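Engineer: Read in order, the letters of the sequence shown are residues 1 to 423 in UniProt numbering.
Read the hints as simulated data drawn from the structure, not as lab findings.
Remember, it's a predicted structure, so these values are computed and weren't measured experimentally.
Careful: at least some of the hints might be erroneous.
Restricting the straight-line Cα-Cα distance to at most 20 Å, the calculated cross-link-like pairs of lysine-lysine (PhoX-like) are [said to hold, decoys possible]:
(1) K340 x K407
(2) K346 x K407
(3) K407 x K347
(4) K396 x K362
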Amino acid sequence: MRPRRILISVLATVLAVMPLLLSGCWDRQELESLGLIQALGLDPSSDGRGVSVTTLLAIPSQTKSGGGGGGGEGPGTFIITMEAPSIYEAFNKINTTVNREITLLQNSVIIIGDALARQGLLPWIDNLIRFREMRRTVNILIARGKAADLMQVQPKLEKNAGEYFQDLIGLSKSNGMFPITTLNDFMYRYEAYAQDNYAPYLAKYQRQPAESGAGQGSGGGQGGGSGPKQEETPKPPTEEAKDIRCIGTAVFHADKMVGALDNYESQMLLLLTNHFREAFLTIEDPIRPNFYIVFRLIASNPTQIRYQPSGGQQRFRVQCRLEADLVSIQSGIDYTAPDKEALLGKKIAAELTRRIRRVITKAQKEYHSDIFGFGNKVRMTTATSQEWDRFDWPAKFPDAEIRVGVKVAIRRVGVQFQPPQRR
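Let the hints inform the model, and build the full structure from the sequences given.
Structural biologist: Structure representation (structure tokens):
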């Protein structure tokens, strides 16, 4: 009985002491006292030394009701901009006019103006990653022009503009026309010193009335190759621009933006980095070039990159194996015949090879930026980080020899097996 009494005494003592050790909720913050940032924008300050911080803050009373467009009477958010030497000092200044303590706990995107991106992002990225409220899974977007101007656009299908940016970027998985880059991705690529950074590139966009021409604003670029004629990038919009459009990829060297890829070049970037899933593409008919063939390109296998150095020359072999589902054959030619199917597969492969080679050449000769990650293959051959630093891969990348091979298999011809025929 004595051990039992001792056990009961110990438990009673523990239960009596535990409430004194619990911290409780003394440091809690009521939701009603917080100003929830939905999106954060960064631009250069007017004096060129600091940063202009734009916050998209939620209005709780207007975000509770569902549905409705963002451009109505209650957009559910409001915007405020402050300049300061640092991001968090700007937060202090914002709280001199906003009656709630602003927080990044619900922030979903960081939008950075391209002027600040060209100056260098490392000072501001360092400012972000050290703060406990900043999640590394937040998406980074680059704005053509000012981030503050891009954040003024009110979406039509969403009440919350922060959710709009998040959903828009998510569509990269179905069209491959722009990448997805998180804060963690940006820091990993910068610190690894084996792959340069890239991020989605956005711009304000003015919808064209239907009667002004259906082809306007349809996007695309020279990356479309021999497909339909399309604009390379949208023209700078007027002040009345009401929409946002992802126009491609912002390309970095180290922490500075050095250029951009259009939407079609971005597809090839994603294909080489194994982030491409599927997209609709158009090429000329190999038998009747005045017509087009539309197909859905599917990344059925990961892209293989082999590092094959020889005699001091940096050489790589890229192999892509893809599948294509036919969507439209304007010429009416029956490509289900084995010989014609093989011809079409070779035509698609040749076009993709041409596009890949062109975007690699652009990155090598124009931007000197290894956004594809060839350096990751080279780094695996070095024993230490000191050896890798001495190798100086960024200086060797522009002269690297990169051979590209693409194989495309026609898997499906759609729900219409043969071309329509009049009987």
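Engineer: A separate judgement is required for each hint: does it hold in the structure or not?
Structural biologist: How the hints compare with the structure:
Taking the CA atoms of K340 and K407, the gap is near 16 Å; set against the 20 Å cutoff, the hint holds. Proposed proximity of K346 and K407 is supported: the alpha carbons are some 7 Å apart, at most 20 Å. At roughly 10 Å between alpha-carbon atoms, K407 and K347 fall within 20 Å of each other, so this suggested pair holds. Straight-line distance between C-alpha atoms of K396 and K362 comes to about 15 Å, which keeps the hinted pair within the 20 Å bound.
Violated hints are absent here; each numbered hint is respected by the structure.
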